[in-house]
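Q: Sequence:
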Amino acid sequence: MNESTKTNNFLNAIQRYADRQKQDMENEIERFRAEEMKKAEEEGLQDAYVLIHKEMDAKKASVTRDLAKKEKQSQDELFVKRNHMMRTVFEKALAKLNAYTSTDEYKEKLVEQTKKIAKMFDGKDCIIYLSDKDLRFSDALKACFTGDTSVEADPEIKIGGIKVFCPEEGVIADETLDSKLENQKEWFIENSNLKVM
Numbered sequence: 004m005n006e007s008t009k010t011n012n013f014l015n016a017i018q019r020y021a022d023r024q025k026q027d028m029e030n031e032i033e034r035f036r037a038e039e040m041k042k043a044e045e046e047g048l049q050d051a052y053v054l055i056h057k058e059m060d061a062k063k064a065s066v067t068r069d070l071a072k073k074e075k076q077s078q079d080e081l082f083v084k085r086n087h088m089m090r091t092v093f094e095k096a097l098a099k100l101n102a103y104t105s106t107d108e109y110k111e112k113l114v115e116q117t118k119k120i121a122k123m124f125d126g127k128d129c130i131i132y133l134s135d136k137d138l139r140f141s142d143a144l145k146a147c148f149t150g151d152t153s154v155e156a157d158p159e160i161k162i163g164g165i166k167v168f169c170p171e172e173g174v175i176a177d178e179t180l181d182s183k184l185e186n187q188k189e190w191f192i193e194n195s196n197l198k199v200m
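Start counting the sequence shown at 4; every next residue gets the next number (this note's numbering).
In short, the hints are calculated from the structure, not lab data. Treat the hints loosely; a few may be bogus.
For each label pair, taking beta carbons as the anchor points, the in silico distance ranges come out as [to be verified]:
| no. | residue 1 | residue 2 | range |
| --- | --- | --- | --- |
| 1 | Asn-101 | Lys-72 | 39 to 49 Å |
| 2 | Glu-193 | Asp-50 | 49 to 59 Å |
| 3 | Asp-60 | Phe-35 | 32 to 42 Å |
| 4 | Glu-193 | Lys-73 | 21 to 31 Å |
Cβ atoms here follow ideal geometry from the backbone N, Cα and C, with glycine treated the same way.
My request is simple: use the sequences and hints to build the entire structure.
A: Dropping the structure here:
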């Protein structure tokens, strides 16, 4: 083999080796680039995932706050409506009860209730409490009792009815229209379906 051919073969071998090295380096660079791209993509997805969850949590918190605010507003409105309705209903009831206490029917009912209370205390000494305006019925009501009975005005009784205290038993029988009306307020709140939670 002549010198020129040997040189050419040597140069070709070097060229092939250089080409192979170049190809290996390009392959390594491509593999490295692909790995880095994959890492960047995964980090980007992780960042996006974290960001999406932060935004979802913030939105959920915002919606929860808005709902709580609206619920509170609705409760406040319902409270105002219920109080207005209750005040209106009970003002009318109070006016009717006050008018009722001026009737003969009221006096008959008062005597009837007093007889039931007197029977309950069966001859024991009692104190009858009436409103100022019902003191006019004192004699008729005292006559229902067989024990020693006194009558006193009770400033807490505004509408009417009777309250009887038996010291011997330590018991009060309250048949006042005031307490009955008050009990109706509690019933109204419980049964009006306008509860404020």
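Q: It remains to establish, for every hint, whether it holds in the given structure.
A: Verification of the hints:
no.	hint	result
1	Asn-101 - Lys-72: 39 to 49 Å	holds (43 Å)
2	Glu-193 - Asp-50: 49 to 59 Å	holds (56 Å)
3	Asp-60 - Phe-35: 32 to 42 Å	holds (37 Å)
4	Glu-193 - Lys-73: 21 to 31 Å	holds (25 Å)
Checked against the numbered hints listed earlier, the structure breaks none of them; every hint is satisfied.
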